[in-house]
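K.L.:
With the hints as constraints, model all of the structure from the sequences given.
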Amino acid sequence: MSKDYYKILQVPQNASKDDIKKAYRKLAHQFHPDKHGGSEERFKEINEAYQVLGDDTKRQQYDQFGAVFEGARSGGGQWQGGFGFPGFDFGGEGFRGFGDFDFGDVFEDMFGGSGGARGGTKTKRGRDIQIDLEVPFAEIFAGGRHEVQIQKLTKCPHCEGVGTEPGTKLKTCTKCRGSGRLEKKQKTFLGTFSHVSVCPDCQGRGQVPEVICRDCFGKGVVRSLDRIDIVIPKGIESGELIKMSGRGEASAFGGVPGDLFVRVHVIHDGAYKRQGDDLIMLLPIKFSTAMLGGAVDISTPDGAIKLKIPEGTEHGDILKVRGKGVPSRQGYGRGDLLIEIKIETPKKLSKKAKEMVEKLKEEGV
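By full-length UniProt numbering, the letter at position 200 of the sequence shown is numbered 200, and the numbering carries on one by one without gaps.
Each hint should be verified, as a subset may be incorrect.
Unchecked claim - Pairs of lysine-lysine residues, derived as DSSO-like cross-links and limited to a Cα-Cα distance of at most 30 Å, are as follows:
(1) Lys-169 - Lys-155
(2) Lys-44 - Lys-187
(3) Lys-58 - Lys-155
(4) Lys-171 - Lys-185
(5) Lys-320 - Lys-306
(6) Lys-185 - Lys-35
(7) Lys-169 - Lys-187
(8) Lys-308 - Lys-347
(9) Lys-286 - Lys-351
(10) Lys-286 - Lys-234
(11) Lys-308 - Lys-320
(12) Lys-21 - Lys-185
(13) Lys-22 - Lys-185
(14) Lys-273 - Lys-22
(15) Lys-320 - Lys-273
(16) Lys-3 - Lys-21
Since the hints were made in silico from the structure, they are not lab data.
Since the model is a prediction, treat every value here as computed from it, not as a measurement.
P.N.:
Below you can see the structure in the form of structure tokens.
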């Protein structure tokens with residue numbers, strides 16, 4: 001007698017996918033063998049029902065053929081020899097179309113399509129993630145650390161990413177018989193072609209859970225909040241990408257996790273402009289200081305220093321303070337601080353100052 005999976009999960013035949021999932025969670029929790037009053041036989045039966053009704057394709061087949069739907073699927077057009085094949089008609093009123101014949105499968109294998117290499121199946125990789133992170137200007141000199149929280153797919157903590165309920169095992173996939181792939185042969189007037197694809201039941205692993213995990217439903221991943229510590233290296237440039245291998249999303253069914261890419265944005269400091277490993281700053285000085293020379297106090301990333309202004313300094317001259325720039329990412333020490341001179345011309349002069357300037361003018365200064 002065939003099993004009534006809807007009755008097992010206690011849902012009507014028109015139940016939505018969410019209703020089926022909720023019913024499974026409730027019953028799996030109730031009949032878990034580790035719980036008081038639980039039943040291993042009932043628990044396995046509930047899992048079997050959910051593996052069918054929780055999958056759109058399997059559910060459709062079950063609704064059509066019942067619990068023996070895997071065997072019923074094999075019916076349909078068979079190769080009859082010659083040039084005839086299902087959905088094709090060369091006679092009568094003329095050409096009537098392709099029907100269910102899939103030229104995609106034929107040409108994919110003829111010209112090396114992505115339907116799966118004959119040497120084996122490809123392991124799926126988790127999704128890469130990119131985030132943006134603002135860091136203060138001071139961190140380009142000292143580096144820094146930032147903790148961020150990202151909502152993403154992570155390895156299921158209940159089953160440790162295996163996909164089975166703790167205490168149960170993986171079993172050989174009956175659909176692909178443990179190979180992880182399915183081979184479909186198509187006979188055409190061009191010859192026989194094979195199309196290899198990843199098994200949809202085990203996703204290429206060759207094994208399926210004996211009892212699927214109640215939290216991840218056999219996929220091995222759940223969506224959760226992950227805390228990630230990001231190290232900002234000295235000398236980081238605004239717009240630079242930091243790659244953190246394996247910190248992207250986890251891959252379902254035991255695949256390789258993706259990577260995390262952090263786009264760093266350095267908050268601009270109005271006092272400095274960066275040019276490679278050098279810093280440029282604008283320094284206004286008085287006209288008299290430019291002519292006679294002197295010393296002025298200036299701020300640097302390492303603190304205040306006295307800067308010597310040479311006699312006869314001109315507007316736009318660049319003074320260099322070595323080793324006060326940005327740390328080099330290549331380990332070459334630090335760049336320099338380049339100070340661009342801006343001579344301030346007073347807009348108002350006292351009578352005495354005007355007389356002094358007039359005398360300078362007479363001397364050709």
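K.L.:
Could you run down the list of hints and mark each one as holding or not?
P.N.:
Do the hints match the structure? See the list:
1. Lys-169 - Lys-155: 18 Å, holds
2. Lys-44 - Lys-187: At roughly 40 Å apart (the allowed maximum being 30 Å), Lys-187 and Lys-44 break the hint.
3. Lys-58 - Lys-155: Holds: Lys-58 and Lys-155 sit about 26 Å apart, inside 30 Å.
4. Lys-171 - Lys-185: Since the Cα atoms of Lys-171 and Lys-185 sit roughly 27 Å apart, the hinted pair holds (cutoff 30 Å).
5. Lys-320 - Lys-306: 13 Å, holds
6. Lys-185 - Lys-35: With Cα atoms ~48 Å apart, Lys-185 and Lys-35 exceed 30 Å; violated.
7. Lys-169 - Lys-187: Outside the cut-off at roughly 39 Å; violated.
8. Lys-308 - Lys-347: Answer holds: Lys-308 to Lys-347 is near 26 Å, not above 30 Å.
9. Lys-286 - Lys-351: It holds: about 19 Å lies between the C-alpha atoms, which stays within 30 Å.
10. Lys-286 - Lys-234: Violated, at about 36 Å.
11. Lys-308 - Lys-320: 11 Å, holds
12. Lys-21 - Lys-185: Given pair Lys-21, Lys-185 is violated - Cα atoms ~36 Å apart, limit 30 Å.
13. Lys-22 - Lys-185: 39 Å, violated
14. Lys-273 - Lys-22: 58 Å, violated
15. Lys-320 - Lys-273: Judged against 30 Å, a Cα distance of about 14 Å means the pair holds.
16. Lys-3 - Lys-21: Since the Cα atoms of Lys-3 and Lys-21 sit roughly 19 Å apart, the hinted pair holds (cutoff 30 Å).
Consistency with the previously given hints fails for numbers 2, 6, 7, 10, 12, 13 and 14, ordered from lowest to highest.
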